[in-house]
Every structure is written in C-alpha cells, then in structure tokens.
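Visitor: Listed here are the chains, written in short residue letters.
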Amino acid sequence: MYAYDEIDRTLINERVTEFRDQVKRRLSGELSEDEFKMLRLQNGVYLQLHAYMFRIAIPYGTLSSKQLRRLAHVARRYDRGYGHFTTRQNIQFNWIKLAELPDAMADLAEVGIHAMQTSGNNTRNVTSDQWAGVAPGEIEDPRIWSELLRQYTTLHPEFSFLPRKFKFAITASAHDRAAIKVHDVGLRLHKNEHGETGFEVLVGGGLGRTPFLGKSIKPFVHGHDLLSYVEAILRVYNQYGRRDNIYKARIKILVHELGAEKFAAEVEEEWRQMDKSALTLDDAAIEEIRSRFSYPAYETLPPMPEQLKKAAHDPQFEAWRKNSVFPHKVPGYAIVTLSLKPVGGPPGDATADQMDTVADLADKYSFGEIRVGHEQNLALPHVAKRDLPALWRALDGAGLATPNVNLITDIIACPGLDYCSLANARSIPIAQELTRRFANHDTANLIGRLHVNISGCINACGHHHVGHIGILGVEKNGEEFYQITIGGRADEHAELGNLIGPAVPYADVADVVEDIVEAYLALRARPDELFVDTVKRLGVEPFRERVYATR
Amino acid sequence: MPLVKHGKISPDPFVHVADDAELPADSAVLISAARFLADPDALLRRPGKTGVIWPNSRDVDDLVPYLERLGAVALVFPTFRDGRAYSQARLLRERYGYRGELRATGQVLRDQFVFMLRAGFNAFEVKKDSDAAAFANTIKRYSVFYQPTGDGRVTALHRRMQQRHAESASL
Amino acid sequence: MTSPLEQKKIRITGPSVVTANRTWDGVVIWRTASKGWSPELSDAAIVRTSDEARALLAESVADDVGAVGAYIAPVEVRDGGAVAPGNLREHIRSEGLTIGVAMPAQRQDHVRI
Numbered sequence: 001m002y003a004y005d006e007i008d009r010t011l012i013n014e015r016v017t018e019f020r021d022q023v024k025r026r027l028s029g030e031l032s033e034d035e036f037k038m039l040r041l042q043n044g045v046y047l048q049l050h051a052y053m054f055r056i057a058i059p060y061g062t063l064s065s066k067q068l069r070r071l072a073h074v075a076r077r078y079d080r081g082y083g084h085f086t087t088r089q090n091i092q093f094n095w096i097k098l099a100e101l102p103d104a105m106a107d108l109a110e111v112g113i114h115a116m117q118t119s120g121n122n123t124r125n126v127t128s129d130q131w132a133g134v135a136p137g138e139i140e141d142p143r144i145w146s147e148l149l150r151q152y153t154t155l156h157p158e159f160s161f162l163p164r165k166f167k168f169a170i171t172a173s174a175h176d177r178a179a180i181k182v183h184d185v186g187l188r189l190h191k192n193e194h195g196e197t198g199f200e201v202l203v204g205g206g207l208g209r210t211p212f213l214g215k216s217i218k219p220f221v222h223g224h225d226l227l228s229y230v231e232a233i234l235r236v237y238n239q240y241g242r243r244d245n246i247y248k249a250r251i252k253i254l255v256h257e258l259g260a261e262k263f264a265a266e267v268e269e270e271w272r273q274m275d276k277s278a279l280t281l282d283d284a285a286i287e288e289i290r291s292r293f294s295y296p297a298y299e300t301l302p303p304m305p306e307q308l309k310k311a312a313h314d315p316q317f318e319a320w321r322k323n324s325v326f327p328h329k330v331p332g333y334a335i336v337t338l339s340l341k342p343v344g345g346p347p348g349d350a351t352a353d354q355m356d357t358v359a360d361l362a363d364k365y366s367f368g369e370i371r372v373g374h375e376q377n378l379a380l381p382h383v384a385k386r387d388l389p390a391l392w393r394a395l396d397g398a399g400l401a402t403p404n405v406n407l408i409t410d411i412i413a414c415p416g417l418d419y420c421s422l423a424n425a426r427s428i429p430i431a432q433e434l435t436r437r438f439a440n441h442d443t444a445n446l447i448g449r450l451h452v453n454i455s456g457c458i459n460a461c462g463h464h465h466v467g468h469i470g471i472l473g474v475e476k477n478g479e480e481f482y483q484i485t486i487g488g489r490a491d492e493h494a495e496l497g498n499l500i501g502p503a504v505p506y507a508d509v510a511d512v513v514e515d516i517v518e519a520y521l522a523l524r525a526r527p528d529e530l531f532v533d534t535v536k537r538l539g540v541e542p543f544r545e546r547v548y549a550t551r
Numbered sequence: 552m553p554l555v556k557h558g559k560i561s562p563d564p565f566v567h568v569a570d571d572a573e574l575p576a577d578s579a580v581l582i583s584a585a586r587f588l589a590d591p592d593a594l595l596r597r598p599g600k601t602g603v604i605w606p607n608s609r610d611v612d613d614l615v616p617y618l619e620r621l622g623a624v625a626l627v628f629p630t631f632r633d634g635r636a637y638s639q640a641r642l643l644r645e646r647y648g649y650r651g652e653l654r655a656t657g658q659v660l661r662d663q664f665v666f667m668l669r670a671g672f673n674a675f676e677v678k679k680d681s682d683a684a685a686f687a688n689t690i691k692r693y694s695v696f697y698q699p700t701g702d703g704r705v706t707a708l709h710r711r712m713q714q715r716h717a718e719s720a721s722l
Numbered sequence: 723m724t725s726p727l728e729q730k731k732i733r734i735t736g737p738s739v740v741t742a743n744r745t746w747d748g749v750v751i752w753r754t755a756s757k758g759w760s761p762e763l764s765d766a767a768i769v770r771t772s773d774e775a776r777a778l779l780a781e782s783v784a785d786d787v788g789a790v791g792a793y794i795a796p797v798e799v800r801d802g803g804a805v806a807p808g809n810l811r812e813h814i815r816s817e818g819l820t821i822g823v824a825m826p827a828q829r830q831d832h833v834r835i
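Chains as they are written, first to last, in this note's numbering: chain A, 1 to 551; chain B, 552 to 722; chain C, 723 to 835.
Hints are computed from structural coordinates only; laboratory data are not their basis.
Cβ coordinates follow ideal geometry from the N, Cα and C atoms, glycine included.
Below, a list of computed lysine to any residue pairs in the SDA-like style, where the Cα atoms sit at most 20 angstroms apart:
#1 K678/B - S28/A
#2 K218/A - N192/A
#3 K731/C - I246/A
#4 K276/A - V705/B
#5 K97/A - S760/C
#6 K24/A - G791/C
#7 K691/B - E14/A
#8 K476/A - R733/C
#9 K691/B - N13/A
#10 K678/B - E33/A
#11 K678/B - G29/A
#12 K679/B - L27/A
#13 K97/A - V750/C
#14 K165/A - R632/B
#15 K97/A - D786/C
#16 K678/B - M552/B
#17 K248/A - N607/B
From the structure, some residues in chain A lie toward chain C, with a derived Cβ separation under 7 angstroms:
#18 S32
#19 E33
#20 A51
#21 L98
One chain only, chain A, in its complex shape (with noise of 0.2 angstroms):
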C-alpha cells in the first residue's frame, strides 16, 4: 500500500479547487462547453448516454479498505448505488451530476483518491499486474515503478495536450497479467546480468480501429534512465504524432508508419540530446518512493491449516477454493480473487454494500488491501489460508464467490450501449445471456479457461481484440449485430483474433458461443488442452464451418 504524504494530498486538494471553480465558471457560462470538455476530461468526467459518467483512478489496481469505503459512500451520496470495475484498473460512476462532482471530488481527495487524466488527451492510470507485490515468481513490486510514473506523468505541463490518449503498463513476471503488449507504452521489468533492475520498452500497442502489438524498441532501459527516457518518447510523440485524424493519433500509427526502427532512433536521438540530470532517478529517490509502500506483517503460517482441512469436506467451498484461491510468495498465504461476474449480473459492478463488506473483509482477512484487476474482478492480496473458510462464508453471502474466474462466465464487457454514447451495440445483455448459458459449474470447469471479451463498439474498451473468443457489436441498418473473433490473448503472447466470418444478429450471440464451444469440446486434442490453444492449433476454419453451416 502507498502512503500519500501530505504533498500528495495536497495536489489532489488543489485540483478538486480548481476543477470547482471550472464547473462554476462553465454554470455561469463563462465556460462554453468547448472550452471546458477538455478540461473535464482530464478530470474523468464523461457525458454519456443518460447522464455524466465520473472514472476514478485506481492507481496501479491497489485500493485500502478506507478507500474502498468511501467509494461506496461516492456510490450512494452522488449516484445510484453501485459502480463499475474497468479494464484499466479505474472505476466508474453512471449518474453522476456534474454540479455535485467537486464535493464527490474533495470526498474522495481526504482518502487520497483521484480522478486526474482519467481521460483526456494525457497520459493515464499507469496499469499494472494485479497481484503486484505478492505473486509467486515476481522479479521485484512493479508498483514502485508505476508510482514513480504516475508521478511523473501527473500534470506534466509539457505532456497535458498530446495528440491522444497515452496508456503505461509495467509488468514483473514471466506471466503477463498486465496485458503490456496492448498498450501505447508496456514495460516489462527484469534484470540486467549485474542484477540491476531495468524495463525492456515497448511501444505502440493498442486495441481500437487499428490493433497493434507493441514493439520492442529498447531491451533494457536501467531503472534510473526511466523517467528520462519515457520523456524522450513523449516529446517524440508530442511533437510527431498526427493531430489531423483523430483516428490516427495513437501513438501505434506513429510506430507504424515510421517504422519501429526509426521511431526508436528518434527516441534516442532526443534522449541523447537532452540534459538528463534532473530525471536521473538515483537509488535514494528510488527507496524514498519504495520507503512508502507499506508491506504486511505477515505470520509464519503453516501451507495446510487445520481449517483447510476441515473445510475440504464441503464441495462448494472446495469449488471456490479450486477456482478462485491462488498461491502466493509467502508461505501459508494465498490471493483471493472475488468474481464480479455473477449469474445474470452485469460484469464489472459492484454495489455500494458490497464495497463496504469487501472492505471489512479485506480489514479482517487482507491486511486492509483490496486489488482490483484489469479483468473487472477484485482481489485479497494477503489472506491467510487458515481464513479461506470463513472468507468463502462471507463471500457467498455478499454474492462474490461465483467460482467462475478465469472461466467462460468470467466476461470482461465494457458497458456497451446501455450506458455509452460511442457504442454501437449492447454488451452487457450479451454478458448476462452467456452466464445463464453457461451457468452450470461442472460445465465451465469442462470447457476450462476461457476469455471471453466483449466491446460495443470499435474503441475496443472491452479489449475484444484479445480475448479468446472476442465479440465486437456494430451497427448495420439500425439493427445491433455482431462480429466473432477467435484466438486473441492479450498475456506475453499475445495475438488479435481472427474473425470468423460475417456478423451476426443479437439472438444469434449466445448460440454462436455455444456452437464455437461445442466444436472446440469436440477437436480439442486433450481435456487440458486450452480452447484458445486449440483455435492456434486448427485454425478458425473448423470453427467457421460450425458456426455458419446452418447460418
């Protein structure tokens, strides 16, 4: 957990006064919208379909149980009860009124918690693995870095206005649950062979109009040089990237069109140039930011507790346990993952009372921490395997323990057309009629992991692009219909899909996942063979044929 000191605290005070006096300044007028759309966006305030809609930053996935606590007040004083999880890591807010946002604001300010460049042509929340600090295998805590970024990148007076939108990921393990290679910057964090930390650069990646895997422009780019040299690939991007489409600002097309060679030579050409001394981050600088990142106490715990045994005797808790409990570095712990994807429920939300009963679990069994992942679960980072029982209790009872993580139940959706005015389709519906088809547990853990990821539109929040079957809803003729893909993955190998074939009706939807399924169930070479490693392995024709012999 970082500890805001009062500096923090009271940059955050000073952009909740000024964004107050901008919402007046445009209630009276003396702000047209024009002026001042920019100005909100870059405090996370949306207009949507119905209303505004407010996204908050949760840095790096990593929330107290106090902070928790106060969005669930957010929830219920400025809006209707319940939030959403994104696939950045932040959470949104559906009904929010612009008038009352800066008393939401300073609400959320005293527990150090902000909405700065959420959107906006900036850079965003530096995103991050959600099990950062307490994954197996994990090289060292990428948070350190991703503080030191969001930092850097906060209010930066040269960076506020680039060409578009500008999203970092940092990832520290082998595995990549960060989906670095996906995103404007990924950073993957390893060691050099005199043991000093440093990132392998990639640039370039991102879903959209125009998906592209990031390239790798620098292999390594020691610890202290990270701060100078992202400035040298901002300044590049700041002063090159197109500005004349807004469909091809991204940094990717950049990339793309230069070349990743050349754009690389242009980013050391301009970190050569520049005076580094003030952004050479020195070891002092580097503990000072880590000296706040507070770690449990943890217990020396034995790996097999009493009540784990005992426990083992009831099959819904060991469902959970086998589905959602996941090993962690210190001995006798584990991490919790707490599935937002119920039965029926919208992806992704949490209501205001659930807020509160995960935070005073996260109090009791979690050392007061609470992630949040970019697949729109939640996590206990720090639970004690003595505790799983009496977790799982409390869970069910709050309707958190669906044990369907990682499985085909386990969507990750943006909100589509019922909340989003760019979408061009629902995805939400779709979500919620793929539970109820494949609600039944024995079947899911029989198809086994599977993504499944669903976008409204082509902006791709849903990150469809990479999921294992990726569904993309468009518009044809005033009807919702939508394209199928197969194949993505969005880890350290990352693909896009291919697509199947033409895009069919919103009724169709379900029963085309069931067809792909039954296919995959029906070619793939072993129980343990993953579907998305079948599709690599057959390609999408036999799919294509199932799919579209009766269609």
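Position chains B and C against the provided structure of chain A, taking the given hints into account.
Guide: Okay, now just chains B and C, sitting in the frame of chain A:
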C-alpha cells in the same frame, strides 16, 4: 487581446505584422517564420526589435541560430488542445538556453497558464479579458509539482528528500 | 447505434427531434418548440425536413449553458400523435437500461458434456 507579462496585463510593445504589410521602421514587430527566414540578418539589424511567430508544426532547430538576437519568440496554440508548443518552449528554454521573451499566442486560456509558465513562457496573448485579469491568482493554484522542468520549481521528490535530510540532520 | 456525435451532414429521413443532456446534472432533455428544454420526449419539437432540423439544432447548440451535446435523433410518431424513440439508442436514453430484459428463449440443445 490583452498581453500578460510579469503576472499582469501590460502594454504590448510588439505589433503583429502580416506578411504582405510593410514593416514599421522603429517599432517592435512580430512576423511570420517564413518572412523572417527569407532575410533574417537584415531583419535583425532593424532599429526596432524583431520577433518571430514560429509555427507549432515546425522544429525549432531552424530558429536556434538567431535566438540571441531575436526580440521575442512567439509560439502558437491553434487550439488549446494542441500541445506542441509546450515541447517547443521547453526545448528553446532548456536545450537552447533562450532567455528572451517567449510568448504564448493562439487560444490562450486561463486553465493552461500554469502549464505554460512551467514550460517556459513568460508572455501571454490572452484570449479573454477576464482570464488576463485572473492571471496572478490562477498561477497560485498549484504549490506541488511532481516533475522537473526548467522553471526551477522544486519537485515533490526533492522536497521529500530535503525533508528527510533535515530530519536525519536533526537527529 | 453509430454514434450521432459523428454526424457531419445533417439529413433526416423521417420525423426527428433535437436531444441533449442538461449541463448541470446530465439528465436527458429534448428541445421544445418554445426555445426551451424538457426532460419529457412528449414535449419535444418535431421537425420533418432537413432544413428545419438544421435550424433547430443550430438554435439548440447556441444554448451552451443549459445543454450539452445536442444532436438530431429520429422519432416515431404513432397514430394519435404519441411520440416514441426512433431507434434503440434513443429508446435507451428515454426509457433507461435494457439490462434485465431477457433475450429470446434458450435453445433446447445446450452444450452436451
């Protein structure tokens, strides 16, 4: 359009002169980059100061040889959302050591004053009178700055390190 | 529906209204015939030609203080004059979320184990 310098509305000694208009002999003028580069040495020998309006789509490299003799450099924000001039400003100040008047022109609005100052601008052609009048107050909005620029403001990291040293020194 | 925020040419193909969101609270509103805004679709001024639509939109957009994001939306005018939203997007804006509305009945031949 009011000019803000030294934190307040000030008279503007410079006159914008269109490409096809004659240059007044003695006045301080702001002219386009194209006009300037056609005959820079002659223009810089004028009795009145010569300043250049540099487009935001062009590298400042071509301007660098003349920086010491220019009366002013004006950079452009065609809309406030086009942030290229921030990079240009920082390069002029921090890489090329420009010390003269660095003027923000275009859609210059209140809510970007702090960014502009930090990037190195010290003169502002402010679009709205009310924004110009609010300049002095607006720049007091922020006391915390996370990242270093050439403006000399102490960064948050440095303040913390200073506090730490002070604490350990007093032990 | 393709976001009307990307509307460039204004050309309507049937009865239309101008809709927006109220600036201070984001509530969905429609432009009335008396140069105001109402949160009720039934109060909306209906235009039937592209020229009328353009004029109504221009006047609506000029009211920058009261409303945000104005655009032209299709409506259906039923027998008896009742006005209904003209597409799914507008239906959602006036009626609310569709979450909870059931999809067509499930097939009987579910995934077989």
